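Chain residues, written in single-letter form:
Protein chains: 2
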Amino acid sequence: MNGAFVSGAFLHRADLHGSVSDPTLDTMNFLNEITLRYPQAISFAPGRPYDGFFDTGQIFEHIQRYLNHLSDNGNSPESVRDAMFQYGPTAGRIRELIADSLRRDENIDVPPDSIVVTVGCQEAMLLAVRALIAGRDDVLLVASPCYVGITGAARLLDVELIAVEEQESGLSTADLEAALESQRALGRRPRAFYVVPDHSNPSGTTMPLATRHQLLDLADRHDILLLEDSPYRLVSGAPRLPTLKSLDRRHRVVHLGSFSKTLFPGARVGYAVADQPVHDAHGRTGLLADELAKIKSMVTVNTSPLSQAAVAGMLLAAEGQVAELNKEASAYYRGTMRSTLHRLEQRFPPGVREATRVRWNSPEGGFFLTVRVPFRADNEALARSAQDFGVIWTPMSYFHPHGGGDHSIRLSTSYLTEHHISEGIDRLGDFIEHEAQRPSGPES
Amino acid sequence: MNGAFVSGAFLHRADLHGSVSDPTLDTMNFLNEITLRYPQAISFAPGRPYDGFFDTGQIFEHIQRYLNHLSDNGNSPESVRDAMFQYGPTAGRIRELIADSLRRDENIDVPPDSIVVTVGCQEAMLLAVRALIAGRDDVLLVASPCYVGITGAARLLDVELIAVEEQESGLSTADLEAALESQRALGRRPRAFYVVPDHSNPSGTTMPLATRHQLLDLADRHDILLLEDSPYRLVSGAPRLPTLKSLDRRHRVVHLGSFSKTLFPGARVGYAVADQPVHDAHGRTGLLADELAKIKSMVTVNTSPLSQAAVAGMLLAAEGQVAELNKEASAYYRGTMRSTLHRLEQRFPPGVREATRVRWNSPEGGFFLTVRVPFRADNEALARSAQDFGVIWTPMSYFHPHGGGDHSIRLSTSYLTEHHISEGIDRLGDFIEHEAQRPSGPES
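If you read the sequences in order, they're chains Z and B.
For the first sequence, the working numbering begins at 50 and goes up steadily by one.
For the second sequence, the working numbering begins at 50 and goes up steadily by one.
Because the hints were derived from the structure by calculation, they are not lab data.
Any given hint could be a false lead.
Footprint (simulated), chain Z over chain B, 3 or more residues, beta carbon under 8 Å [to be verified]:
1. 107–115
2. 168–174
3. 194–208
4. 305–315
5. 348–359
Here the structure is a predicted model, which means the values were calculated and not measured.
Glycine included, every Cβ here is placed at the ideal spot set by N, Cα and C.
Work out the full structure, taking the sequences as your base and the hints as a guide.
This is the structure:
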């Protein structure tokens with residue numbers, strides 16, 4: 050071959066942390082290929098927000114509302130122009146509005162200075178992991194299964210993940226404590242635990258209030274931070290338990306926020322709340338947010354002021370009350386989740402459920418639920434399901450950083466019509482029954 | 050102290066690459082502090098684009114133009130809504146328009162598939178460095194002084210930089226070759242060289258055509274890639290030499306693009322052109338762009354469709370001819386550069402120049418020039434300059450990853466009026482003369 054070519058596998062810095070085995074990207078690619086190959090299949094795979102309530106034309110109104118807000122607050126026309134045109138501050142332009150919204154919606158009361166506006170929650174994760182996992186022995190803990198975004202951020206930074214296996218009822222703080230202790234015994238320094246307390250992606254579990262309090266105590270006792278990510282809370286329609294951050298009296302929680310589910314994904318605006326005091330080498334005290342902003346200057350410089358203006362306009366329109374703004378969407382998602390659960394009940398009445406050993410959890414909100422199946426739910430099974438039964442789902446094993454979840458699947462309910470849910474669950478039922486009757490391999 | 054606090058210096062993973070000593074952020078903070086402390090001083094520090102030609106209201110027209118373009122190309126109203134609302138493809142939505150513009154403006158003819166749209170050029174750098182510097186012995190080479198964005202991306206990823214000192218006339222390929230050979234002799238694997246061929250930031254040098262050809266040959270001979278970053282070309286007004294990418298016949302160049310200087314910074318849209326074939330572990334061939342997109346999924350997931358729409362609308366309005374679109378801005382920047390050079394000539398006539406040993410380069414375009422001064426141009430000198438003479442500049446040492454530049458300063462000419470340039474250079478002249486007469490320290 051004439052000229053440059055490059056051998057692949059860029060993503061494996063094998064000699065740094067060979068133990069980060071995560072094949073998430075390859076498996077996600079397989080899922081995409083299956084989706085493209087069987088366009089007629091009903092797909093429970095994508096966790097897309099429903100866009101039926103979105104009006105493109107309103108984006109202009111939202112941006113204009115923010116510009117008017119700037120003018121009304123004494124900014125000259127030149128200054129308003131600069132607010133859109135120039136790069137703007139690294140930590141973001143709309144921190145006051147976000148702080149205000151967090152107070153109204155979430156009872157989280159933090160100074161605007163403790164907020165960094167990010168390019169979606171993904172960048173917030175990356176910044177937090179980069180800031181906290183600084184030494185060779187530092188480790189980040191996650192629940193397993195866990196959201197692929199945090200796995201990706203860790204992988205990008207060659208940070209080793211320690212996975213704490215979730216129980217069927219969700220995370221056990223005793224399991225987390227055991228993991229912390231065994232890591233310490235190995236000479237490692239646990240720094241943070243990443244968690245999605247509400248309607249988690251992928252499993253759909255919600256952490257009980259008592260566990261939240263236990264987790265905060267545990268974090269304080271073991272001197273770790275909690276990275277709380279909770280994008281589905283304000284579109285769940287279910288009664289909301291308090292966020293970890295709102296219960297946090299000892300600066301133990303870095304709250305990672307997203308507007309992708311509540312306002313719109315295309316803005317790519319998220320944020321981190323990091324009000325932890327930080328002492329630098331010169332004895333000065335700042336906030337963890339300042340450190341995150343410094344790191345951000347090396348990643349994206351700043352979040353698009355245009356995107357921030359659109360989000361700010363929406364926050365202004367809702368007077369900061371994002372939950373209120375999402376009443377209709379929440380009802381919609383609650384409806385699709387209920388329909389899915391109802392249809393599963395119908396398709397798997399108790400007798401059939403027992404015979405097939407199928408069971409599922411019953412989230413009160415969010416986009417996802419877990420179905421436990423009596424066979425190995427791997428890529429081969431997914432291919433058979435799509436080809437022979439016209440239904441697509443996500444193998445739960447995709448979300449386990451160190452293996453596991455081989456007999457579970459994730460169903461996403463956020464983007465399907467009632468008709469597709471009904472038809473899709475019927476197809477899934479046929480597929481499961483068929484698989485259950487196949488001559489079983491050594492594992493199933 | 051009750052609760053969590055965090056010790057600082059997150060940014061130093063000291064035990065990984067202690068040799069990356071770069072104190073850029075601290076020094077930049079000093080510059081910011083000086084700027085805040087002396088608001089009346091005339092500042093040649095910020096490399097901000099001039100915003101006088103920007104009309105906020107036109108953003109709406111640009112976005113609408115792109116939406117109409119989608120409709121005109123057969124997209125349903127739902128599909129147009131989704132193009133704005135949803136996350137969108139990781140590699141970007143507007144690759145065809147960018148490819149078209151690169152063909153018209155830059156004689157760069159690449160398939161849209163080889164482009165990844167990024168959150169500004171900063172993210173493009175980060176993706177390229179993460180993709181290419183994969184092993185423990187891999188190194189990235191840069192010219193010194195160099196743009197802080199690449200230093201930052203390398204630092205974020207704990208990638209060691211090898212700095213090749215620029216001559217006053219610019220980069221010498223012989224120096225680069227010597228550095229490549231000495232790295233190889235140390236058992237390291239040089240992977241890429243980052244370069245700003247046109248009106249470089251910070252020094253303002255432009256690489257002659259012969260050097261461009263030599264550099265391409267060198268890259269091929271030594272099996273490295275060239276990361277070409279050239280944000281000032283299309284706003285320079287000067288005759289343009291061909292980009293490295295347009296001369297690249299052997300897939301040696303990854304072209305990093307920015308719309309921050311040509312369209313508007315607040316969009317935060319850049320791109321990477323990476324048409325290198327890549328062979329993966331399964332023997333499949335893809336493009337380097339695909340690998341960059343996979344990494345991007347771990348950084349920002351995708352670039353805001355709203356920002357992309359604004360940029361796309363501007364590209365459509367200009368029929369892809371960004372250079373043409375920037376005629377007025379180019380003339381403006383050319384004017385401010387000429388005025389600065391002219392005023393320097395006046396303030397330092399040949400006799401004074403000789404007596405003070407002051408000299409400078411004469412860029413034909415771009416935002417920056419280098420002034421060589423007869424004293425140590427450090428933070429203390431900057432503080433004296435701001436306080437006693439009311440003029441601010443950037444110490445060139447900020448841009449040297451491994452030391453150097455102690456007797457040079459960077460002047461940015463992009464954002465000043467004629468009056469400020471004239472007055473500012475007079476003040477700078479007074480300051481330089483005063484410093485030249487100070488009892489000199491051991492270094493100056």
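A quick look at each hint next to the structure:
{"no.": "1", "hint": "107–115", "result": "holds (count 4)"}
{"no.": "2", "hint": "168–174", "result": "holds (count 4)"}
{"no.": "3", "hint": "194–208", "result": "holds (count 7)"}
{"no.": "4", "hint": "305–315", "result": "holds (count 4)"}
{"no.": "5", "hint": "348–359", "result": "holds (count 10)"}
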